[in-house]
Structures are given as C-alpha cells and as structure tokens.
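Student: What follows is the residue order along each chain.
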Amino acid sequence: MTKVSMVVNGNAVSADVESRTLLIHYLREHLNITGPHIGCETSHCGACTVDLDGKSVKSCTVFAVQAQGSDVLTIEGMAAPDGKLHVLQEAFREMHGLQCGYCTPGMITRAYRLLKENPSPTEAEIRMGISGNLCRCTGYQNIVKAIQYAASKINGVEYKEAAE
Amino acid sequence: MIPGSFEYHRPSNVGEAAALLASLDSDARVLAGGHSLIPMMRLRMAQPSHLIDLGGCADLKGIQVEGGEIVIGAMTTQHDVIASDALFAAAPILRETAMLIADPQVRYLGTIGGNAANGDPGNDMPALMMTLDATYVLRSGTGERRVKAREFYHGAYDTAAAPGEILAAIRVPAPPAGHGSAYEKLKRKVGDYATAAAAVVLTKANGRVATCAIGLTNVSDKPLLAEAAAAAVIGSALDKAALDTAVAAVEAICEPAEDQRGSAEYRTKMAGVMTRRALTRAFVLAK
Numbered sequence: 818m819t820k821v822s823m824v825v826n827g828n829a830v831s832a833d834v835e836s837r838t839l840l841i842h843y844l845r846e847h848l849n850i851t852g853p854h855i856g857c858e859t860s861h862c863g864a865c866t867v868d869l870d871g872k873s874v875k876s877c878t879v880f881a882v883q884a885q886g887s888d889v890l891t892i893e894g895m896a897a898p899d900g901k902l903h904v905l906q907e908a909f910r911e912m913h914g915l916q917c918g919y920c921t922p923g924m925i926t927r928a929y930r931l932l933k934e935n936p937s938p939t940e941a942e943i944r945m946g947i948s949g950n951l952c953r954c955t956g957y958q959n960i961v962k963a964i965q966y967a968a969s970k971i972n973g974v975e976y977k978e979a980a981e
Numbered sequence: 062m063i064p065g066s067f068e069y070h071r072p073s074n075v076g077e078a079a080a081l082l083a084s085l086d087s088d089a090r091v092l093a094g095g096h097s098l099i100p101m102m103r104l105r106m107a108q109p110s111h112l113i114d115l116g117g118c119a120d121l122k123g124i125q126v127e128g129g130e131i132v133i134g135a136m137t138t139q140h141d142v143i144a145s146d147a148l149f150a151a152a153p154i155l156r157e158t159a160m161l162i163a164d165p166q167v168r169y170l171g172t173i174g175g176n177a178a179n180g181d182p183g184n185d186m187p188a189l190m191m192t193l194d195a196t197y198v199l200r201s202g203t204g205e206r207r208v209k210a211r212e213f214y215h216g217a218y219d220t221a222a223a224p225g226e227i228l229a230a231i232r233v234p235a236p237p238a239g240h241g242s243a244y245e246k247l248k249r250k251v252g253d254y255a256t257a258a259a260a261v262v263l264t265k266a267n268g269r270v271a272t273c274a275i276g277l278t279n280v281s282d283k284p285l286l287a288e289a290a291a292a293a294v295i296g297s298a299l300d301k302a303a304l305d306t307a308v309a310a311v312e313a314i315c316e317p318a319e320d321q322r323g324s325a326e327y328r329t330k331m332a333g334v335m336t337r338r339a340l341t342r343a344f345v346l347a348k
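The listed protein sequences correspond, in order, to chains A and B. Each position in the first sequence, counted from 1, maps to that position plus 817 in the numbering used here. Each position in the second sequence, counted from 1, maps to that position plus 61 in the numbering used here.
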C-alpha cells in the first residue's frame, strides 16, 4: 500500500491505496466523491473527467499514485460554499444541457477547463473541445448552447441564441 | 477492469529511469501518458510487475527549435505539441497531426514519445516521423544510441528499441522554409484509429515538386514510407497523371487488415484517396 495525498476541491486528502488503484476509484471509493462517473472504463466516454493540475483528464486512465501531490477539481468543487451554482451548472440547467445526467459532471468539468483556456470559443471549438465526452441523450445541441451561455455570462455579455 | 498488481517507481530523470529498467525484472514497463498501457493493463493484456512512471522526469519534457533542428522530449504531451507556436512555425504538420489524435483529455496526458515508441500501427506519429525523417534517441542503462524512424518499425509492437531502452527524444530536421505539408486521416469518429491516413511533406521549385516524402498510417502492420509514390510526383506539376501514378504506387504497398473499419480493399483505396488529398493540399501550401 502507498499513501497518496492530494488536494481535492480545496481539501487536503490522503489515503492508503494499492499502486493499481485508479484515480476514479480513489475519488469514488476512498473519498466518497461520486460526481465523476464510471462509464466505459476505456478512456472513451469522458464521464470520469476531472481537472488535474489544470488539465482535463479521464480519471479512469490515471493511477492515483500518478496524481500524488496534485490539485484535483471535480463537479463537487464547482458550486460556491454557500450553494450558489457555478455559472456552468446554472447554464446547463437554464439551457436544458442534460437529460439523464450521467455525462453531466464530466461535461461540466471539461467545459470548465475549455472556457479557462478559451473564454470565447466558437461553436466549432466547443464541439471539438467536448469531443472526448459522450452524451447519449441530448444530441449535444443544448450542451453546446449551455457552454455558449456560460461563456457569455463569464464575458459579461448578453447570451443570444443563434437562429436555428 | 482492475489492472493486476505492480510495484510503482517514479524516477526524477531519464538516467535514473534507465538504471531502474536495467535492474528490474524483464517484464518491467515504462509508463508515459498511459493511454495505451493502462487500458491494456485493465484488460490484463499487459501485466507488468513493475511500472516506471516517466512523469517525474523533467529532462524528458520540452520542445526546442534551433539551428534547423527540432528536438522534442519524449514526455512532451500532444497538448504541448499543439500549443507550441515555435513548433507550428517550423513544421505545422506536427500540430495538424496531433489534433487528429484521440480527444482533448487524452491529448493532455498522451505523449509524443509514447505514440511514437509503442509500435502500434494505428498510431499517427510513426508515419509522420518517417515522413519527416526523424531520428529517435534511445537511452539505456549503458548509454545512448540513435535510430532513424525509417528503420525503427519492424511490425506490430515490434520496434528497434531493445528491452531496457527508453525513447528519450525525437530529433526532426526542420523542413525547409516554404515547404508544404498535410496529414489526411480518415476515421469514423473522434478518438478512432485511422481507417487510412497519409502524411505528405514536399517542396516546390519553378511550379514543380522538388522533394517529397509520403508516409502511411494503419494500412499495414507497421507505418509505411511510400517511396515509389513520392518519386512519381517529384519533377511533376502534380498533374492528374502524376497523382494517379502516386496513388497506384500507394495502393500497391498497402496490406491493411480487414476490421470494423472496412475491408482490406476499401482501406487500401482510402489510403490512395488520403494520399491524393494530402499531396494536393501540400502542393497548394508550398511556396
């Protein structure tokens, strides 16, 4: 067993784990952080996406020991301590960016990093930016709108829905 | 879907990593971005007893463009390759190709060295590195040697790297200013391996192709350098006859497996189509 310590959603955490423990299992089973979901387990679907040291990663394909000393953000760390939703969470609610919700924590966590790197993405850039996250319900249209809505809010401009 | 047990090592430089690899059991593996090896471990198709994580080796990261040569540390991620303006200015095909690998999350961790060294015929960097005539710097416990990308790939997961050798860096002669390049990849969806893909780097003089190299991805058990196809367009103004000859020469060397991406015949034809498109686009871009 190896002691693995990191900061998750602003809290210092540590747990004794086997080397083979994946980051997704460390988060879900050792820390009870169940927002990141297990979907395909083969690094395709993106449901397990978390932010690791400023990078969007699929936590099913990272060993917890590799994340020793890292700073991790999951969906649980997005809202303010008083419960006020993060702008992306608000955007997904307002724009109906989810149906079953299984992909949503990964989508929002990925969109968070996308907007940090590119606060005014084009629609094409949004679609490329979330191309590692699969959604089987929405057809992506409202997810794209939600990210556009969040980008508008972040940039302090009024969100205008493109004509369809 | 839990990998087998292993002992984890995290050396802080490549010398330490090579010494560790030399001292451990023969089934020890190095871990780069992990996006090929970890899925293989989950499926128990790989069960190394030791993993040597290269993630702590700062000397394996970074991009230098100097004196007509590009040096890319093996642990440089695809994300870093895409983000480097210096690299884009020297050889834009590196960014273009990296953008077509996997998806954003995988590119944040997946490395150029892992993609090149793993020997997976579906990977995109091997054919590109052969096209660019890159040289691989291999480190072992006893020293360093250099192998041309064009001599590195022997078959699926079979490369010139000996057990105990770690790819440390990729050295690429910068293509001449004014060259044209293109990577055309046919794939079914984001994250898929190529049904067929073609890399082209060429130069032009007096409206004709002066030099040309063509590489092919995933249409054999190893990446291919299409030498006869390149020879067919050199000296031409890339007219239809020259393109047709090059495409036929490409099709003649393809030996794709039939898989869920299509029949061998289809994938061979698509290699021709990708080559035609890449040649045409590179020719327009060349000055």
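If you are wondering where the hints come from, they were derived from the structure by calculation, not from laboratory data. Worth double-checking, as some hints may not be accurate.
Mimicking DSSO-like on lysine-lysine, the simulated pairs with C-alpha atoms at most 27 angstroms apart in a straight line are [claimed, not checked]:
(1) A/Lys933 x B/Lys348
(2) B/Lys301 x A/Lys872
(3) B/Lys301 x B/Lys348
(4) A/Lys933 x B/Lys250
(5) A/Lys872 x B/Lys248
Listed next, the stretches of chain B that the computed footprint assigns to chain A, with coverage defined by at least 3 CB atoms under 8 angstroms from CB atoms of chain A [claimed, not checked]:
(6) 67–78
(7) 86–100
(8) 104–118
(9) 160–166
Where is the CB? At the ideal position from N, CA and C, for every residue including glycine.
Student: Against the earlier hints, flag every one the structure doesn't satisfy and list their numbers going up.
Tutor: 1, 2
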